[in-house]
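Asker: Please arrange chain B on chain A, whose structure you already have, making use of the hints.
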Amino acid sequence: MKAGTKLKSAVCDTEVMVIKLGPGSIECGGAPMVEERTGDKGVPDPAFAAGTKMGKRYSDAAASFELLCVKPGAGSLSIDGVACQLKDAKPLPSSD
Amino acid sequence: MDISLLLKMAADAEPDRVGLTCDGRDWTYGELWGAATGAAAQIAASGVEHVALLDTGSEAAAIALFGAALAGVPYCPLNYRLADVDLGALIVRLEPAYVVGDAARVGTLATDPRNVILDRADFLTAALATQDPDRDAGEGAGIAVQLFTSGTTAAPKAAILRHFNLVSYIIGSVEFGAAEEQDSALVSVPPYHIAGISALMSSIYAMRRILLLPAFDPAEWIGLAQAHRVSNAFLVPTMLSRIVEELDKTDGADLSSLRAIAYGGGKMPIELIGKALDLFPQTAFTNAYGLTETSSTVALLGPDEHRAAQGSADPAIRARLGSVGKPLPSVEIEIRDEAGHALPAGEAGEIYVRGDQVSGEYKERSALIADGWFPTRDAGYLDADGYLFLSGRADDVIVRGGENMSPGEIEDVLLSHPGVADAAAVGIASAEWGEAVGVAIVPKGDIAASDDDLKKLIRDRLRSSRVPERIERVEALPYNEMGKLLRREVKKLFS
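Chains as they are written, first to last, in my numbering: chain A, -2 to 93; chain B, 13 to 507.
For the record, the hints were derived by calculation from the structure and aren't laboratory data.
One side of the interface only, derived from the structure: several residues of chain A facing chain B at Cβ under 8 Å:
id, residue
1, Gly1
2, Lys3
3, Met14
4, Ile16
5, Gly52
6, Leu65
7, Val67
8, Lys68
9, Ala86
10, Pro88
11, Pro90
12, Ser92
All residues carry an ideal CB built from backbone N, CA and C; glycine is no exception.
Okay, chain A solo, but in the shape it has when bound (with noise of 0.2 Å):
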């Protein structure tokens, strides 16, 4: 896996593109994230399921991970079992 590639949560609707990529299992709802979702949906973990937001990014508490939502879903992402937290924007004056 690169940055750049985009996976899907095996348990909800969740798609992310990664920003950014360290060691460790990438997961949402509390199962391990895929390339492509194969048989039928789970559900998210309770204790994994505050939901994932459009366009936000999201990183671990070491920031080696940064992932960018890119289809919301009722999951909540984490890496190794430990929740991500959402990133705060720090927005630029738009240039274009």
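Answerer: Using the frame of chain A, we list chain B on its own:
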């Protein structure tokens, strides 16, 4: 991911919100996405190698840009101002191609029977007839956009921007859906310029409605900005200058809705930006510096820095009005000497940039060097606080007896004379020095600026080596339509 993801996200989030207005017709994000998927089907079925656009700005540019991305075919907007012979040479490099726009003109220039050539209306009809809104953005492994450089110094090169470069640029510099629903961006840069392409992508990703003004005219620009209560605009310096002139003649224009004006694409005279800051006291000005090969902006001078510079008594801070600011957080900038060694603050050399948005790639070869750095061929320096100042193209540097001189430095001093409206300095052949300084000036009004006055000014403000050997007076300097000075034309005045 390919760049169509940017439009897909907006269409998924708010399909019924208006994303683009052109000639009085509104397009929602859902409609734009639908049309792009239809265009993709048309393009894929045609089996072409490039999608070309020979047209002024319209919804067709956005639909062709994202449609080509979905079909996995490079999008190549062409400069419709080129002469037939030059344009024909570019079209042949793109064949077999799917060409949208001036079908009659393309028909006389294109040669490959496999081309598909459609005017704007037929393209839109075909795209709308074959929509597939459930289609997904692709992997984006290949080339998104191919742009021919303007060729102010040599034959046009085909600069390549990959999906990865452009997606990195947009998500690195724009917050998704950050615009308010009533916001709009007045886009008047042509579709074949990198600023025209980045304007489409940035505004769509920010969900800021695009209001297109296909052919720039200052009075129309002011009229549209007022009528639509426009919040944002991008201008090249020439456009800003013409708007300022027009406002001087216009009574009661209300441009109070303009929250932000970004500018770039050429050198902004300090006098002009100072005047604009006074004329638009409520507007946030941003100076953006970038190149085609860097997917647009790599450094910017923000609104607060503009106001701080203008109001400062400290000459070093005031000088920042002439700076292009600091690198984006996702971009690195270094100044290097001719041997490629990094230079400290304050020393001028060539500007090198690095980052995911930097392609530095041409169809024929990559210009990237070790560790992904791109030598821009722009010359400049960083000040002690990291602000970047440009001093022209590295190729424009005048080398007099082994001493490197920046034309920009000489021009700035000449422009401070009240009798000089515009100025260009170029290297001219000199038996004694190899090169010497030649300057062309445009006299202003009836204020006399004798050769001796100008030479004394340069000697006093700079040093004697910068004093021009020849001074020519002209009615106007040669610029291209984006306001870029054509130095090779200036040089001809001295040959």
